[in-house]
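S.K.: Same order as they appear, the protein sequences are chains A and B. The working numbering applies: residue 1 is where the first sequence begins, and numbers increase by one. The working numbering applies: residue 1001 is where the second sequence begins, and numbers increase by one.
In short, the hints are calculated from the structure, not lab data. Errors might be hidden in some of the hints.
So the derived list for chain A, only partly shown, Cβ under 8 Å to chain B, looks like this [as the list claims (entries may be wrong)]: (1) E127; (2) A130; (3) V202; (4) A225; (5) L249.
Just so you have them, the derived chain A footprint on chain B, three or more residues with Cβ under 8 Å [as the list claims (entries may be wrong)]: (6) 1138-1149; (7) 1306-1315.
Fair warning: this is a prediction, and the values are worked out from it, not measured in the lab. Glycine included, each C-beta is placed from N, C-alpha and C at the ideal position.
One-letter residues, chain by chain:
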Amino acid sequence: MKILVLVKQVPADLGAVKLNEDHTLDRTAAGVQLNPVDKNAIEAAVQITEQLGGEVTVLTLGPATVRAVLKEAVSVGAHRGVAVTDDVFAGSDAWATARVLAAAARHLGSVDLVLAGKQSFDGGTGEVPAMVAELLDLPQVTGVTALTAAADSLVCTQVQDGGQAQVRVSLPAVVTVDEYVNTPRYPSVKSKLAANKATFDVLTNAELGVPDVGLAASVTTIVSATRPPARQPGVRIEGDTPAQVAENLVAALVAAHVL
Amino acid sequence: MSTDIWVVVDSRDGIASDASLAIVTEAATLAATCGGSVVAVAIGQRCDEVAAQAGAYGAGTVRIVEGAAYAQYSTQAWTSALAALVTANAPGAVLFAATALGSDLAPRLAARLGTGLVSDVTALSVAADGRLTFTKNTLGGNLLTQCVVTSVPQIGTVRTGLYKKGAPTGRAPQVVREDVPAPAQVGTQVLSFTPDASDGELALEDADIVVSGGRAMGSAEGFAVLRALAAAFGPGAAVGASRPAADAGWLPTSQEIGISGKTVSPDLYLACGISGASQHLAGMSGSKLVVAVNSDAQAPIFEVADLGVVGDLFEIVPALTDAVARHRG
Ligand SMILES: Cc1cc2nc3c(=O)[nH]c(=O)nc-3n(C[C@H](O)[C@H](O)[C@H](O)COP(=O)(O)OP(=O)(O)OC[C@H]3O[C@@H](n4cnc5c(N)ncnc54)[C@H](O)[C@@H]3O)c2cc1C
Ligand SMILES: Nc1ncnc2c1ncn2[C@@H]1O[C@H](COP(=O)(O)O)[C@@H](O)[C@H]1O
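Please put together the full structure from these sequences, using the hints given.
M.R.: Here is the structure:
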């Protein structure tokens, strides 16, 4: 089975991302990490190929530093890594990102399954994979908490509103997983060393030829960005006995108009 | 571009979700400002019942799509139905509740229409040009942004729990039965659906007061003290859990709050024996008043709590239950 896993590089420390005057973000002080739930997507892909055979390719779009996340992916079992990186992609929103990823997926040739994380840690809300599914004209199942793979279909457990569903999806398809789906393996010393030596394919828009890219292709604009007001320091409720604490707390709730 | 606001109302067994009815209510207020009207869209089964509910909460018109192809949810069938209706009627905005269905469907529809989407919106307003402005929290709550969608229609999914459905009116909507061809084939098939055990209880997202417990509850029986407190608060209160408590099966996973669970924004959030990990805070940071009870004075939950009690929850919570019951008489 040929599996493509979409992985994103996200800031390690969200609090250290700085806000520029023009509403763009300065991530330089924030460090980078592989989007946590994307590790579950890689693990799911590796497990499927261990069971059914095949190859796992991880694909990421981002600045030149994305190699670190590809290395990490290879150290936990991915066979190949592809970085899509080009200055013209800067400022992409979810739609612009999805268009480039879909073009890259097409460029890499047909796959049986595209796996992705349910959402990105830095504020994405699971828009990109569904958009990629639409652009590739594939069925999708999002937010999968368990899955069983066969050669031509997957059976997925999906939390729906009010309960849990078992959904069968025919392949090829796009499936996003949440962190309940599995426990990602740790790299071994040996696999880390091997990953250090791995080389990755790099694609730019010269190869992909996506007509409108980056900020210009984005269909959402940020009109204002602010730091939320700092929370006022909380008040400690005290008392000599639990009953007294409770009375004081009730008085505070009444004062706050919630009781 | 019309200034009509569409709301996609999701439902099960003829019952519209409270989350989407709450957005119908909010859309009615917005539409009054921008001079448009509110149109609800119901796809699936028993849509007449759903239409009546959407009308009672403020939709002037309800477009319904029924038929064998819509007997069970499929992203592809729902997308093609919505895309056909939107293309034919050109609304200014299409809103969804950011539920499992809304989050699955909205980005797919946005991509089909080649238009923009803002997800998990925490506030909606009407800008001077009649467009909607979407407010959202990003970077784990470190940034508050206001966004506009520059293409038409503007699509948004709205965080659950923030808006509450208003009081039902007796109004009946105008119902438009749509006949849209479904795709010949879809790639997904729902094999089975198991409703949550907690079905019938007040949904967490709709509660005004959420009493929630963490690992410190110790067992399913431990949650009895929180249930008693919720009962003392009255019918608007529900019991939630952190991930370890839901993982252990002390409460159903449907009651989990956080990045991988539900998002709640009640008037009062009472965290008992919850340390305050960022993944938990992501699900409750919209709460108006946060109270924490924790035996560890250094627990990070105290950094976000408006009112904090350092102490053993098994002593504090029963005392609080008595005090609340006495107060409410
Ligand atoms: C990818 C990912 C996703 C996650 N998603 C979620 C999510 O959606 N929701 C979520 O909640 N977590 C989530 N987590 C887990 C999260 O990181 C924390 O581990 C979890 O929230 C901790 O739960 P807790 O506060 O109940 O337990 P703990 O961190 O163990 O805290 C228990 C607290 O109880 C206090 N305590 C102990 N005994 C008493 C007592 N008798 N009286 C009063 N206080 C007492 C302790 O001082 C401590 O602060 C996620 C983690 C990951 C990696
Ligand atoms: N720039 C990107 N490159 C590769 N995959 C991405 C990118 N952005 C998002 N994804 C994938 O889409 C998932 C959901 O991201 P998001 O839509 O940003 O919440 C992530 O977990 C990744 O699997």
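S.K.: Taking the hints in turn, state whether each one holds.
M.R.: Here is how each hint holds up against the structure:
Below 8 Å, beta-carbon pairs count as interface contacts, and E127(A) has one with chain B at about 4 Å; its hint therefore holds. With 8 Å as the threshold, the beta carbon of A130(A) comes within range of chain B, its nearest partner Cβ sitting at about 4 Å, so the hint holds. Violation of the interface hint for V202(A) is found here, the shortest Cβ-Cβ separation to chain B being roughly 26 Å, above the 8 Å cut-off. At its closest, the beta carbon of A225(A) sits 5 Å from a beta carbon of chain B; the interface hint therefore holds under the 8 Å criterion.
A cut of 8 Å between beta carbons decides the hint on L249(A): the least distance to chain B is about 6 Å, and the hint holds. With a cut-off of 8 Å between beta carbons, the segment 1138-1149 of chain B has 12 residues touching chain A; three or more are needed, and the interface restraint holds. With 7 residues having a beta carbon nearer than 8 Å to a beta carbon of chain A, the segment 1306-1315 of chain B meets the requirement of three or more and the stated coverage holds.
When each numbered hint is compared with the structure, a violation occurs for hint 3 only.
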